[in-house]
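Asker: Build the full structure now, drawing on both the sequences and the hints.
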Amino acid sequence: MAQTVETIARALAARAEGDISLPIEGASEPQSAGPKQIALAMSEKYIPGLAQGKALAAILPEGTDWQGLGLKAAIFVARPRLAMAGLSKAFDPGPEIAPGIHPTAVIDPTAEIGAGAAIGPFVVIGRGVRIGEGARIAAHACISEDVKIGEQALVLQGVKIGARVVIGDRFIAQPGAVIGSDGFSFVTPEKSGVEEIRETLGQRDTIKEQSWTRIHSLGTVVIGDDVELGANVCIDRGTVRATMIGSGTKLDNLVHVGHNVQVGRDCLLCGQVGIAGSSRIGDRVVMGGQCGVNDNIFVGDDVIAGGATKIFTNAPAGRVLLGYPAVKMETHVEAWKNIRRLPRLFAQMAELRETVTNLTQKKGTE
Amino acid sequence: MAQTVETIARALAARAEGDISLPIEGASEPQSAGPKQIALAMSEKYIPGLAQGKALAAILPEGTDWQGLGLKAAIFVARPRLAMAGLSKAFDPGPEIAPGIHPTAVIDPTAEIGAGAAIGPFVVIGRGVRIGEGARIAAHACISEDVKIGEQALVLQGVKIGARVVIGDRFIAQPGAVIGSDGFSFVTPEKSGVEEIRETLGQRDTIKEQSWTRIHSLGTVVIGDDVELGANVCIDRGTVRATMIGSGTKLDNLVHVGHNVQVGRDCLLCGQVGIAGSSRIGDRVVMGGQCGVNDNIFVGDDVIAGGATKIFTNAPAGRVLLGYPAVKMETHVEAWKNIRRLPRLFAQMAELRETVTNLTQKKGTE
Amino acid sequence: MAQTVETIARALAARAEGDISLPIEGASEPQSAGPKQIALAMSEKYIPGLAQGKALAAILPEGTDWQGLGLKAAIFVARPRLAMAGLSKAFDPGPEIAPGIHPTAVIDPTAEIGAGAAIGPFVVIGRGVRIGEGARIAAHACISEDVKIGEQALVLQGVKIGARVVIGDRFIAQPGAVIGSDGFSFVTPEKSGVEEIRETLGQRDTIKEQSWTRIHSLGTVVIGDDVELGANVCIDRGTVRATMIGSGTKLDNLVHVGHNVQVGRDCLLCGQVGIAGSSRIGDRVVMGGQCGVNDNIFVGDDVIAGGATKIFTNAPAGRVLLGYPAVKMETHVEAWKNIRRLPRLFAQMAELRETVTNLTQKKGTE
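For the record, the sequence lines run as chains E, R and A. Per full-length UniProt numbering, the very first residue in the first sequence carries number 1; after that it's consecutive. Per full-length UniProt numbering, the very first residue in the second sequence carries number 1; after that it's consecutive. Per full-length UniProt numbering, the very first residue in the third sequence carries number 1; after that it's consecutive.
Worth double-checking, as some hints may not be accurate.
Copies of the same chain look alike in the list, so a pair counts if it works inside one copy or between any two.
Derived EDC-like pairs (lysine to aspartate or glutamate); straight-line CA-CA distance at most 20 Å [as the list claims (entries may be wrong)]:
(1) K328 with D205
(2) K208 with D301
(3) K362 with E351
(4) K148 with D225
(5) K191 with E44
(6) K362 with E145
Derived from the structure by calculation, the hints contain no laboratory data.
Answerer: Put into structure tokens, the structure is as follows:
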């Protein structure tokens, strides 16, 4: 990880000027950068901070006069956040997991683990597990029987993967994530109150005693390539078929994915999103934090839902949603504008009724 | 677990026809079923799928012409989801936890563990713990001092049970569940801003500096029989008395139950529901995902709350709720219909005011 | 922990009367108190319960006639919840973690652990970690390389602390909390749909395929003194600078704090609150359960937000908020009053239109 301005520029596919052999040991915000750190001043507003810091090199917007800023070298980028991706990758030391298998790990002799693995203390790997090359598995992770994981996996502390789960390449799971817990699926011997109100939209004839019988989850979870799961995420296994997470999809911390759910490719589900059982989410769907999706519905490709949107019914592809219940974002904004105008409307109504009453009475007495 | 059409029909208390000795190794959706799997075609819409799969036997709605579908045997059920419960139980292999106590487990010598236990690697069981017969405790579970658990418990990976928690028979805890964490209870030396606005509904005289002193949780958690907790569920212990979860109640993933809460019998709390401290939930209450219950309130028996309903005040028994703030489901549906009609109302008001102004002016000039 | 009425009164800085040498082994609600327990009857409504219980001593509101209640001793308090803090601290046995380092713990030889530590089974402590005096670290906790923790820490079962996190004195982390998971930060090579709708408030020209490139988290998490984290809380590390949690702040179960977030001092964030990336929360902010804060916004000092408030835009200091979207609490209450009055408004409008139409027609036919 010994870097210079030149190696960083190459990693970013960006143009560098000045003393490109300058050694760089890390990245920092401009105002707190030391002389061996590259300052992140990718947009205009960060440039004044350079004067307070000690950086000799910086990442700058195209066209910046780096020499005038007293720098010895500069890298120019067009799309700052994209540059940040390359730069952060170059400098991320990653979690320290010693190469090889820690002596305390309990690994079933039938498990096959690819070359180059680093497996931490107290890891448990079950019967028939197959893990690809280059896996890094941190302390206290549990990988149950017959799980398959692709190459270059990073499974962090205390992640629990249930039996028969299948995962693609370059998988990342943050600490505490649970994949393959049993689905939340229960049935009453007779029609339940919930089934009744779904048919009647809230009317209930008589309320009966009822208790719940468990429907076991025979299915599993199938996860594509390049998927990342946040800390303490929970993904339930399917009842008969598998719960699916498409390639390229990223789940933030504390996201809940119910049984039988199908999430498409390249989706982003932000913190604390919940998807109820058997719903289907298209490709490239983005949900802000705390969104909720009802069970057994469909959310089309490219839907974007603002924070805490609660989606109760099918959403067509490309729709931008907000609110509880979810409506088009513009409809929601308009609705609350209208709600805030209500006091004036009530006043106008009162005034108008008085005027009209006067008119009518005058009429009557004419 | 060697099954035939006959043994499955018996497990479902259902009627079978045809070659009931046919061996069955698993269940599948009709279109992907192999010749040794029973096809799940319990409602009409799944029947066309049988032609694409290879199943020789199927579970069908009463009256279906199974011979005409080319099957060798059939089982007939009246309530498909109930059949699914029996069927899934018959075929669920369950998690593999080797019988006996894994040599790496750390078990206090004073703990009493019933016959037939299977205890996985790195499990920790504390002083004075008592666990009934037939317990299955998976890797990394932690059971603290003086906990009591009934018979046939299934405690999955990384579940943490705090001191003195008492749990009934047939308990199931999915991975990562935490039972008996300390309550979130803090007090300021003088009246806090929160106490003030609760009394004044939002008015604040002066804002004072304040810091928080912890109220420790001396109580515990008491859980009835046949309770199931989802992955990463959190249940706090009570302050003085116990937090209670009634028999037959099921909690989905990431549900939060605050200190002193009383949840009744046979409730379903879906994913990410949160119940704030000291509230009481009646029997047979069903809450959709992401519902929230305010602290110190009461939700009556048989209440059903739709997804993400936020319950701020007491809810009478049998009420069907929706919305933020929670109102009767029909009221909520009506409210949003009315909100969507507001643009027309504004237009009518503008038009009417103009008409009336004209009338008034005409009047004046008559 | 052998207590008497006298020692308890002293711990509460409260006045005692009667036989203050009476030994006390615990605290209880009045109706279930035994003769060696002190009854908690700090407000009038609990006093009748004393007759059902067997307590010889009670904590009472000032001025209560304790002798008339048949008690042998009494402690008088002015602010009951504050008394409860002192009392519960006096009687909390805390979790049992044996003094010293459990032989199964895996501790890097370069780690420095202060005097008086109690470290449980299967704990993992990484390279260069420094932990202050009096630490109690329960089973399965993971503390990664270069973490610093102050004095008197209580780190409970299965807590995972990522590399380079810095934590102050008297830290408490309930089971399963994750500190220092990677931030949820991704970028598309070209402008994404999310960036587009943020600029256009929902309008989208063309929808493009897009996939996500990871921005690694180089920053860490810095936590002040006297911070408590609930069970399964998740706090992400910063991208370049640190995510910060100020001294005295308490987070309840399942709270999510995104990357780069700055939370001030003495805040309370109740169960399942979520703070999206790069937002700043002032000092003494209180958020009810399930509140959400948008990314990149600012919530001022002393803001109080009711349960499930969704804060989308900057909130000025001292504001009391409620609703989705968050508005002043009084505005929200008023809004829903108005919404409930809409049916009457629609009826009035219909009636008025008819009256005016009649007036107009009469006019026309005069």
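Asker: Name the hints, by number, that the structure is in violation of.
Answerer: Violated hint: only 6; rest satisfied.
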